[in-house]
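Participant: Sequences are here, hints too, so could you generate the full structure?
Each residue of the sequence shown is one higher than the last, beginning at 296 in this note's numbering.
Be a bit skeptical, because a hint or two may be false.
[Said to hold, decoys possible] Derived DSBU-like pairs (lysine-lysine); straight-line CA-CA distance at most 30 Å:
1. 437 / 500
2. 500 / 422
3. 456 / 437
4. 456 / 422
5. 422 / 437
6. 500 / 456
If you are wondering where the hints come from, they were derived from the structure by calculation, not from laboratory data. Computed from a predicted model, the values in this text were never measured in an experiment.
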Amino acid sequence: MAASHRSATALRLTARRLATLLAAGALLAGIQAGAATAAIWAGGFETANLLQWDAVEAVPGDITLVHSPVRTGIWAGKFVVHPGDSPVGSGERTEVDHFSHERAGIASWWAWSTYFPTGLYSPRYTKMNVFAQWHPWHSHLKPNVSFTVMNWSRTSAPFLKMMVRGGRPTSPRVHSWRLGSLHRNAWYNFVLRVVWYPDNRGRVKLWVNRRLVVPLTGIPTFWTPVGQVYVKQGLYRGSFSQSSVVYQDAMRRGRTLTSIAPPAGA
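Facilitator: Okay, structure coming up:
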């Protein structure tokens, strides 16, 4: 009887330990799944200020938060550039920066929305209306990934363009894609997959308004001597004679497509 009692007790203890281990494993799996589906960072202005961002490159008053137009939530950023607005001494710009510290070998998913109103000034023969860019850290090199509005022809309408640069600065690899015509007074929703490498291990893939416009492409996406990149959003342009406006909303970064998906109903 004593031996039987001890065996039953041992079995109960083993069952309890097993249940505890299974519960702990399920909790850990849930935490890991939650981390995989959560955004690493979000900069959609829902704090009602610019505190989600690490730096501001703008003349005071050129960035305001508005309730309309808004892509998600209740706030969006209105970015205005006036002639001569050069807050950092290089080009006319109104931008916010997030120090994402992305290094070679890191894979990221990015998503954001940009609204181009009638007030976006895009004169003929211009290509400098950059509304999002991933820039090398502490470097005067050109951005590794950039998005711009171009109006390069007397006959064709303005269009959106994505450019990717990388490799050695002395012999850079440059690729570009035309993303479609510019339609004003409408939101453009971008989803970018990027793997940062200074050689063909780099990858880019892009959707605009849920449509694949840049298939998965292996190209250099990183400058060889640079340690990391960071993101800049707003408007960076040439020296134009008129003011210009864009709206930005819901920029976010994640490790998976699911992690940067917009809220339900957005």
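Participant: Hint by hint, say whether it matches the structure.
Facilitator: Hint check:
no.: 1; hint: 437 / 500; result: holds (20 Å)
no.: 2; hint: 500 / 422; result: holds (22 Å)
no.: 3; hint: 456 / 437; result: holds (15 Å)
no.: 4; hint: 456 / 422; result: holds (9 Å)
no.: 5; hint: 422 / 437; result: holds (14 Å)
no.: 6; hint: 500 / 456; result: holds (14 Å)
In summary, this structure violates none of the numbered hints.
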